[in-house]
Amino acid sequence: MLDKFGIAKRIARELQDGYYVNLGIGIPTLVANYIPEGIEVVLQSENGLLGMGPFPFADEVDADLINAGKQTITTVKGSAFFDSAMSFGMIRAGKVDLTVLGAMEVADNGDIANWKVPGKMVKGMGGAMDLVAAAKNIIVAMQHCDKAGNSKLLPKCTLPITGLGCVKKVVSDLGVFNITEHGFHLIERAPGISTDFITEKTAGRLIINGEVPEMIFD
Amino acid sequence: MLDKFGIAKRIARELQDGYYVNLGIGIPTLVANYIPEGIEVVLQSENGLLGMGPFPFADEVDADLINAGKQTITTVKGSAFFDSAMSFGMIRAGKVDLTVLGAMEVADNGDIANWKVPGKMVKGMGGAMDLVAAAKNIIVAMQHCDKAGNSKLLPKCTLPITGLGCVKKVVSDLGVFNITEHGFHLIERAPGISTDFITEKTAGRLIINGEVPEMIFD
Amino acid sequence: MRKIVKNAAEAVNDIQDGATIMLGGFGLCGIPENCITALVKKGVKNLTCISNNAGVDDFGIGLMLQQKQIRKMISSYVGENAEFERQLLSGELEVDLIPQGTLATRCMAAGYGMPAVFTLAGFGTEVAEGKEIREFNGKKYLLEYAFDSDFAIVKAWKGDTHGNLIFKATARNFNPLMAMAGKITIAEVEELVPAGELNPNEIHTPGIYVHRIFQGVNYEKRIEQLTTRKQEHAR
Amino acid sequence: MRKIVKNAAEAVNDIQDGATIMLGGFGLCGIPENCITALVKKGVKNLTCISNNAGVDDFGIGLMLQQKQIRKMISSYVGENAEFERQLLSGELEVDLIPQGTLATRCMAAGYGMPAVFTLAGFGTEVAEGKEIREFNGKKYLLEYAFDSDFAIVKAWKGDTHGNLIFKATARNFNPLMAMAGKITIAEVEELVPAGELNPNEIHTPGIYVHRIFQGVNYEKRIEQLTTRKQEHAR
Numbered sequence: 001m002l003d004k005f006g007i008a009k010r011i012a013r014e015l016q017d018g019y020y021v022n023l024g025i026g027i028p029t030l031v032a033n034y035i036p037e038g039i040e041v042v043l044q045s046e047n048g049l050l051g052m053g054p055f056p057f058a059d060e061v062d063a064d065l066i067n068a069g070k071q072t073i074t075t076v077k078g079s080a081f082f083d084s085a086m087s088f089g090m091i092r093a094g095k096v097d098l099t100v101l102g103a104m105e106v107a108d109n110g111d112i113a114n115w116k117v118p119g120k121m122v123k124g125m126g127g128a129m130d131l132v133a134a135a136k137n138i139i140v141a142m143q144h145c146d147k148a149g150n151s152k153l154l155p156k157c158t159l160p161i162t163g164l165g166c167v168k169k170v171v172s173d174l175g176v177f178n179i180t181e182h183g184f185h186l187i188e189r190a191p192g193i194s195t196d197f198i199t200e201k202t203a204g205r206l207i208i209n210g211e212v213p214e215m216i217f218d
Numbered sequence: 219m220l221d222k223f224g225i226a227k228r229i230a231r232e233l234q235d236g237y238y239v240n241l242g243i244g245i246p247t248l249v250a251n252y253i254p255e256g257i258e259v260v261l262q263s264e265n266g267l268l269g270m271g272p273f274p275f276a277d278e279v280d281a282d283l284i285n286a287g288k289q290t291i292t293t294v295k296g297s298a299f300f301d302s303a304m305s306f307g308m309i310r311a312g313k314v315d316l317t318v319l320g321a322m323e324v325a326d327n328g329d330i331a332n333w334k335v336p337g338k339m340v341k342g343m344g345g346a347m348d349l350v351a352a353a354k355n356i357i358v359a360m361q362h363c364d365k366a367g368n369s370k371l372l373p374k375c376t377l378p379i380t381g382l383g384c385v386k387k388v389v390s391d392l393g394v395f396n397i398t399e400h401g402f403h404l405i406e407r408a409p410g411i412s413t414d415f416i417t418e419k420t421a422g423r424l425i426i427n428g429e430v431p432e433m434i435f436d
Numbered sequence: 437m438r439k440i441v442k443n444a445a446e447a448v449n450d451i452q453d454g455a456t457i458m459l460g461g462f463g464l465c466g467i468p469e470n471c472i473t474a475l476v477k478k479g480v481k482n483l484t485c486i487s488n489n490a491g492v493d494d495f496g497i498g499l500m501l502q503q504k505q506i507r508k509m510i511s512s513y514v515g516e517n518a519e520f521e522r523q524l525l526s527g528e529l530e531v532d533l534i535p536q537g538t539l540a541t542r543c544m545a546a547g548y549g550m551p552a553v554f555t556l557a558g559f560g561t562e563v564a565e566g567k568e569i570r571e572f573n574g575k576k577y578l579l580e581y582a583f584d585s586d587f588a589i590v591k592a593w594k595g596d597t598h599g600n601l602i603f604k605a606t607a608r609n610f611n612p613l614m615a616m617a618g619k620i621t622i623a624e625v626e627e628l629v630p631a632g633e634l635n636p637n638e639i640h641t642p643g644i645y646v647h648r649i650f651q652g653v654n655y656e657k658r659i660e661q662l663t664t665r666k667q668e669h670a671r
Numbered sequence: 672m673r674k675i676v677k678n679a680a681e682a683v684n685d686i687q688d689g690a691t692i693m694l695g696g697f698g699l700c701g702i703p704e705n706c707i708t709a710l711v712k713k714g715v716k717n718l719t720c721i722s723n724n725a726g727v728d729d730f731g732i733g734l735m736l737q738q739k740q741i742r743k744m745i746s747s748y749v750g751e752n753a754e755f756e757r758q759l760l761s762g763e764l765e766v767d768l769i770p771q772g773t774l775a776t777r778c779m780a781a782g783y784g785m786p787a788v789f790t791l792a793g794f795g796t797e798v799a800e801g802k803e804i805r806e807f808n809g810k811k812y813l814l815e816y817a818f819d820s821d822f823a824i825v826k827a828w829k830g831d832t833h834g835n836l837i838f839k840a841t842a843r844n845f846n847p848l849m850a851m852a853g854k855i856t857i858a859e860v861e862e863l864v865p866a867g868e869l870n871p872n873e874i875h876t877p878g879i880y881v882h883r884i885f886q887g888v889n890y891e892k893r894i895e896q897l898t899t900r901k902q903e904h905a906r
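Protein chains in written order, with our numbering: chain Y, 1 to 218; chain F, 219 to 436; chain V, 437 to 671; chain B, 672 to 906.
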């Protein structure tokens with residue numbers, strides 16, 4: 001089973017040289033720590049920055065320089081600032097190569113729910129609906145099951161939808177799943193996790209073709 | 219009768235302190251030379267400049283700094299450059315206080331034709347259709363009659379339309395006319411021009427209420 | 437150009453009860469601190485506020501919430517704000533949550549004279565309820581309308597006496613968009629300079645969009661999530 | 672980042688006959704001189720060109736017209752260009768004249784993922800023929816579609832190895848809008864610098880929109896209407 005760092009590390013393998021990437025809050029943010037050697041990616045922060053760098057040293061903190069999670073950050077060389085309309089403009093126009101998001105639920109047709117839980121105080125969707133509706137490649141980083149052990153990979157979302165049919169891939173603590181027209185296609189198992197266990201924990205349609213390799217980390 | 223300088227001078231009186239003004243090619247451009255003392259206006263050039271200044275001295279010429287008529291120009295203090303989308307955005311949003319344009323024909327309901335003559339090579343409308351459709355205050359600077367002596371202030375435009383019902387005022391070589399729901403309302407006569415002469419030369423509906431003053435230049 | 441006002445109190449002086457106002461900023465970054473303080477002092481009520489966020493309990497728009505000055509918030513994310521939550525649950529406060537990109541684009545639309553825009557965001561969700569849907573090239577879009585606001589209040593880094601504005605880093609965010617969208621736009625700036633001192637090539641908001649400008653004082657620039665790394669992590 | 676190409680020839684190498692290309696510039700100001708020369712040399716034919724103007728007989732897009740490389744021009748004003756006129760009258764060249772603001776906004780729409788926009792320009796004119804009209808707040812607007820172009824070719828003042836661009840003065844014009852709108856965007860710049868040398872606050876076109884970049888050579892920057900004043904007129 002992967003911990004959150006393992007999930008981030010696995011997702012980082014999806015990065016390609018020259019990619020522009022938007023990383024959501026939570027596990028997705030950790031992906032930045034595992035960018036493979038020799039690959040250059042540019043991180044977009046939807047509040048208006050391309051070329052997000054690591055957190056600042058204490059003496060570098062600038063209140064005017066934050067990411068979409070409102071954390072103080074830095075820039076890297078070649079960065080650019082812009083307003084929020086251009087920021088979502090480039091997202092909607094498909095210029096961002098990859099978006100990594102967390103989710104409460106994903107359906108086997110790619111629907112995603114990650115903004116609202118009925119009965120709980122709603123904080124708002126922020127940029128999530130824009131990102132899921134428009135990004136051309138969305139990977140969801142999530143725990144496979146909720147705290148009660150119920151699958152969050154479902155035949156249909158039960159929570160209010162953030163976007164329809166938009167998720168391309170899910171990396172959970174149990175494995176890696178491509179979303180296909182026939183459902184979640186398991187392409188890698190997390191270390192030590194059996195296909196039987198994954199089958200048991202996946203409520204949505206699951207496709208397992210032959211031997212599914214266990215993921216290997218170097 | 220006014221010459222083109224007189225027309226420009228008369229239009230300049232319509233300027234108010236703090237106005238943002240777009241001046242078209244031809245007579246309108248001359249208006250910039252007659253801005254009254256004590257009044258500050260900012261000239262917009264729709265290719266992407268606020269704060270257009272006079273033509274450059276020979277040693278100041280910059281090929282990267284032109285106006286919408288493609289003439290080399292200068293900037294004044296407090297100028298700003300922007301792209302063409304923002305330029306027409308501010309025009310459409312009604313931020314430009316006054317637009318001065320030339321015209322081939324104006325109708326007594328404010329329709330204007332100034333971009334195309336059937337049978338002649340069409341060069342294009344450039345920004346004229348955007349300007350007339352969206353500017354909140356449009357003054358037309360024009361000769362009252364064509365070379366054959368036919369009125370260009372008409373009951374209806376005969377040439378292809380640039381915009382409908384958008385002209386607010388016409389300053390011709392013969393007088394100043396507000397466009398009202400009842401037609402061209404003569405508010406000032408050019409020096410030495412009688413109301414009878416204006417009536418004769420105006421094909422569109424003309425309103426003359428009592429004595430119409432002759433314009434006075436200081 | 438008679439755009440310069442003395443201070444925030446003068447700038448917001450004619451904002452009446454019931455007005456619709458836009459407030460720039462993302463989180464607490466790039467918010468018009470001086471004008472918010474002046475609005476609190478003025479005590480104007482029943483406002484509709486368009487702002488991506490709603491501040492925190494004791495800073496930013498949260499200060500106006502504490503004084504119950506806001507009738508309706510139009511935001512994308514209202515974050516951690518106990519008083520906001522209380523007023524929302526008690527029905528005192530109306531909230532319209534809209535996707536962040538839609539919020540930004542509806543501001544821009546107003547500033548660009550576009551009455552409405554089409555966006556993918558929210559299709560198939562409750563955000564789409566009651567909205568017109570239209571398909572282009574096989575994708576479904578929502579029709580969203582340009583905002584109509586009485587005042588836009590923005591915070592810039594530098595400004596000049598013509599109202600030209602330059603923003604700093606990610607404090608730009610919604611500020612230039614809202615600056616374009618207000619019937620009256622008020623800009624508070626950290627540094628106000630005479631016309632001619634800003635490079636015309638570097639202006640983010642041309643002065644034509646700005647009606648009042650003043651140099652603000654005592655910027656706190658509170659940080660919502662201070663995150664740092666330790667020196668030993670340096671490469 | 673592997674955006675840097677050697678020169679214009681390499682940058683336009685995969686532009687095929689029949690392609691739709693956008694070309695930045697207003698008049699002869701801010702036009703991609705190097706790429707135009709390379710396109711002429713390459714001899715690619717049957718192009719649809721989206722550009723505010725069509726150059727003059729012996730400079731700019733006029734050079735491509737001389738070689739009969741263009742099947743269709745989409746422009747707002749085609750100016751003084753004898754060969755253009757000849758081809759138009761003989762039916763060799765198709766021309767789509769559209770209002771300048773509409774042209775700009777249809778570029779921006781493409782770059783901002785907006786499939787269509789509403790504009791006042793052209794209502795009641797022949798530009799509106801066959802177009803959808805819609806009323807908002809008592810005004811009538813035309814529905815205009817985002818451009819779909821294979822390549823955008825722009826000219827910037829400075830650029831960096833990440834593709835970030837800064838334009839100079841009114842040479843900005845359509846360039847940043849077209850830069851956003853191409854499926855593949857090619858930028859030629861007067862000065863190409865390493866990433867980190869441009870101030871991120873001053874970037875007009877973020878590098879995400881730019882796929883290929885090179886430092887151009889031998890810019891002529893021809894002036895279409897040289898206008899000067901005499902020294903004695905100085906105040």
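Simulated from the structure, these hints should not be mistaken for laboratory data. No residue lacks a Cβ here, since even glycine has one placed at the ideal position from N, Cα and C. Please note that the accuracy of each hint is not assured.
Stretch-level coverage of chain B by chain V, calculated; a stretch enters the list once three of its residues show a Cβ under 8 angstroms from a Cβ in chain V [said to hold, decoys possible]:
#1 728–740
#2 745–752
#3 802–812
#4 859–865
Label pairs and their calculated CB-CB ranges [what the hints assert, rightly or not]:
#5 B:R900 / Y:I35: 33 to 43 angstroms
#6 B:K739 / F:N396: 49 to 59 angstroms
#7 B:Q902 / V:G632: 42 to 52 angstroms
#8 F:N396 / V:K478: 38 to 48 angstroms
#9 V:A518 / Y:I35: 49 to 59 angstroms
Here is what the structure says about each hint:
Under a criterion of three residues with beta carbons nearer than 8 angstroms to beta carbons of chain V, the stated coverage of the stretch 728–740 of chain B fails, only 0 such residues being counted. Requiring three or more residues with a Cβ within less than 8 angstroms of a Cβ of chain V, the coverage given for the stretch 745–752 of chain B is violated, as only 0 such residues are present. Check on the stretch 802–812 of chain B: 4 of its residues sit with their Cβ under 8 angstroms from a Cβ of chain V, so the three-residue criterion for coverage holds. Closer than 8 angstroms: that is the beta-carbon criterion, and the stretch 859–865 of chain B has 0 residues meeting it against chain V, so the requirement of 3 is violated.
Between R900 (chain B) and I35 (chain Y) the beta carbons are some 57 angstroms apart, a value that contradicts the proposed interval 33 to 43 angstroms. Evaluation of the 49 to 59 angstroms hint for K739 (chain B) and N396 (chain F) yields a pass: the beta carbon distance comes to about 51 angstroms. Range check, Q902 (chain B) to G632 (chain V): Cβ separation about 22 angstroms, and the 42 to 52 angstroms hint is violated. Checked against the given bound of 38 to 48 angstroms, the beta carbons of N396 (chain F) and K478 (chain V), roughly 41 angstroms apart, stay inside it.
Checking the proposed 49 to 59 angstroms range against A518 (chain V) and I35 (chain Y) shows it is violated: the Cβ atoms sit about 38 angstroms from each other.
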